[in-house]
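Visitor: In order, the protein sequence lines correspond to chains A and B.
My numbering puts the first residue of the first sequence at 500, with every later residue one more than the last.
My numbering puts the first residue of the second sequence at 2, with every later residue one more than the last.
Hint data in this document are derived by calculation from the structure and do not stem from the laboratory.
Quick caveat: nothing in here was measured; it's all calculated off a predicted structure.
Note that beta-carbon positions come from the ideal geometry of N, C-alpha and C, so glycine has one too.
Incorrect hints may appear among the rest.
Simulated restraints on C-beta separations [stated by the list, open to error]:
1. A:S779 to B:H168: 27 to 33 Å
2. A:M762 to B:E184: 51 to 57 Å
3. A:D781 to B:S37: 18 to 24 Å
4. A:E776 to B:Q129: 30 to 36 Å
5. B:H8 to A:L555: 41 to 47 Å
6. B:E123 to A:E750: 45 to 51 Å
7. A:E601 to B:L136: 50 to 56 Å
8. A:E827 to B:E161: 54 to 60 Å
9. B:L171 to A:L555: 19 to 25 Å
10. B:T188 to A:G897: 48 to 54 Å
11. A:E971 to B:R194: 19 to 25 Å
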Amino acid sequence: MTEGNQAGGQAPRTMFQKIWDKHVVHQPEGEQAILYIDLHLVHEVTSPQAFEGLRLAGRSVRRPELTIATPDHNVPTVNRSLPIADEISRIQVDTLRENCREFDVQLYDLDSPNQGIVHVIGPEMGYTQPGMTIVCGDSHTATHGAFGSLAFGIGTSEVEHVLATQTLLQYKPRTMRLNVDGQLGAGVTAKDVILYLIGKLGTAGGSGYVIEFSGSVFRDLSMERRMTVCNMAIEAGARAGMIAPDATTFEYLQGRQQAPADMAAAIRQWEQLPSDEAASFDAEHSYAAADIAPQVTWGTNPGQVAPITDCVPDPAACEDDTERRGMESALAYMGLDPGKPLQDLAIDRVFIGSCTNSRIEDLRAAAQVLKGYQISADVQAMVVPGSGLVKRQAEDEGIDTVFQDAGFEWREAGCSMCLAMNPDKLEPGERCASTSNRNFEGRQGKDGRTHLVSPEMAAAAAIRGCFVDVREWDFQ
Amino acid sequence: MQSFTVHTGLAVAMDRANVDTDQIIPKQFLKRIQRSGFGQFLFFDWRLDPEGNPNPDFELNRPAAAGCSVLLARQNFGCGSSREHAVWALADYGIRSVIAPSFADIFYNNCFKNGLLPVVAEESVVDQLMQRAELGDYQLTVDLENYQLRDSVGLDVAFEVDDSRRHSLLHGLDDISLTLQQEQRITDYEAARGA
């Protein structure tokens with residue numbers, strides 16, 4: 500935004516381009532670049548085969564101090580003092596522990612107060628910083644882009660590549676800017692913004708792009724809310740999502756365990772990161788905050804979404820053949836008839852958690868809705884904090900009591916029913932209001948029916964036993 | 002890594018868009034710490050009914066699909082989770098190439114690390130291939146050397162693949178070994194940054 504951003508007379512650059520340029524180790528003509536990686540996050544599910552690959556080739560981890568690990572995907576959220584009952588899960592978690600010991604990688608293990616979902620603990624400990632390249636064998640790595648970093652998910656072969664070389668082979672993605680300006684209405688959250696944008700772009704609309712979220716809506720969001728937005732960039736097919744770092748970012752990082760010792764110097768660097776005013780993007784779209792209502796997904800991908808005030812859409816009205824058949828199969832799976840108001844859908848389960856919506860602000864917002872109410876007798880509800888630190892903070896604030904008084908189960912940190920690798924899952928046919936990020940078939944349990952919503956909408960649905968427009972909520 | 006040069010095999014249509022990696026390999030099979038043996042779990046929830054019997058309506062269960070090695074798919078194939086297990090499952094099942102109008106980025110990348118060739122083809126080409134596959138016993142040739150799809154009834158369609166990915170796949174090269182040939186550059190980069 501300032502002249503300082505264009506020092507040296509360079510052509511105007513996007514934030515993505517600045518970070519990319521700084522991390523290219525080698526760029527052979529017409530080939531993939533060798534891109535340096537500043538931070539590598541590791542969890543138990545996508546890493547065992549990578550460590551095994553290192554072992555077979557006699558390789559070591561090149562920069563163990565730039566690598567951190569935690570078990571999150573299939574850890575139980577109850578009875579943590581007992582061994583993991585599922586033997587295959589236990590072996591996977593044990594394997595992570597042994598690999599971290601053998602390769603000298605920092606592990607935040609199940610008994611650590613810092614254990615939690617990898618995309619929650621990285622930021623909260625201050626590992627995630629502006630300008631970094633960050634990868635993890637998990638598609639929701641896009642979360643970290645909220646700090647103005649370039650963060651994306653990779654496969655296990657690439658995990659091994661990063662462990663061995665601290666670099667990745669990458670083709671340069673294209674850039675897209677999504678502007679959302681104006682002021683969000685009361686009860687409309689970051690989750691609703693990103694669901695709305697995915698609905699507009701479609702699940703492949705961001706494919707091949709790095710998305711920069713821009714405009715007053717994102718500037719006004721807290722860091723935790725920005726993480727919710729970037730987290731789901733992948734659900735629009737994007738390689739990564741990012742938001743320019745600003746005073747909100749710097750304030751969030753101040754005093755965190757891994758924050759730079761010389762914050763003033765770091766901030767001077769980070770202030771150079773935002774896209775130059777004249778920088779151009781390969782694609783750009785603009786939206787108005789006032790058009791965004793609380794959202795509910797009705798189908799089996801996150802792009803199948805509608806405002807809470809809408810009805811289940813009618814596939815017959817869809818002109819595209821493939822899309823219409825996708826809608827028909829989604830409605831059959833979800834057990835929904837076209838034309839039924841979304842607000843009339845009765846639910847069986849509520850899940851508040853996941854790397855999208857399990858941070859302290861998410862829990863506070865849900866608790867505000869719950870205060871003074873009891874959940875419906877027909878609903879089973881659970882809340883799974885994103886990390887041990889989030890859980891402790893919530894307990895210090897008495898938020899756990901609000902949840903438990905309302906009838907929610909209060910669990911230990913992990914990915915839990917976002918993907919149901921651990922014992923937390925839906926039974927066939929159960930309908931769930933979930934704050935997670937994917938409503939794919941079977942995602943939360945075979946034949947389970949997932950509706951993605953904000954924490955506020957999930958809490959309100961738990962009370963009423965069906966979806967409600969949280970904008971009309973009577974707060975106690 | 003297994004190389005890919007020219008492959009001719011039975012092509013089968015999976016006429017659905019947005020096939021996500023949760024469907025390709027459901028989460029309960031991600032707990033294994035090995036890289037092999039995932040083929041038996043491919044499309045598990047679609048392939049098998051709740052009692053564990055094959056669902057006769059599922060594309061890959063039809064008798065005419067037995068032994069297929071080329072999968073014809075719709076847009077955004079492989080979306081969702083980064084799990085490379087999805088590619089391991091396809092490859093272990095015997096799929097050598099997936100042809101679709103578009104792929105999710107991470108899935109697309111993962112294919113090239115495992116000797117499986119994802120081919121991006123125009124929607125109209127996929128339509129044509131699917132029509133031919135529906136007639137049964139459709140043998141399709143995927144020729145990476147000549148960037149070409151062809152069959153015995155006159156199909157001849159060119160496709161594009163990035164040079165370095167193609168080179169690695171043609172020769173079965175391991176990316177890590179290639180990058181480590183540039184190790185001095187990585188060391189120099191780290192020194193210059195003071196990292």
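Visitor: So which hints don't hold here, by number, going up?
Guide: Going through the list in order, the structure violates hints 2, 3, 4, 5, 8 and 11 and respects the others.
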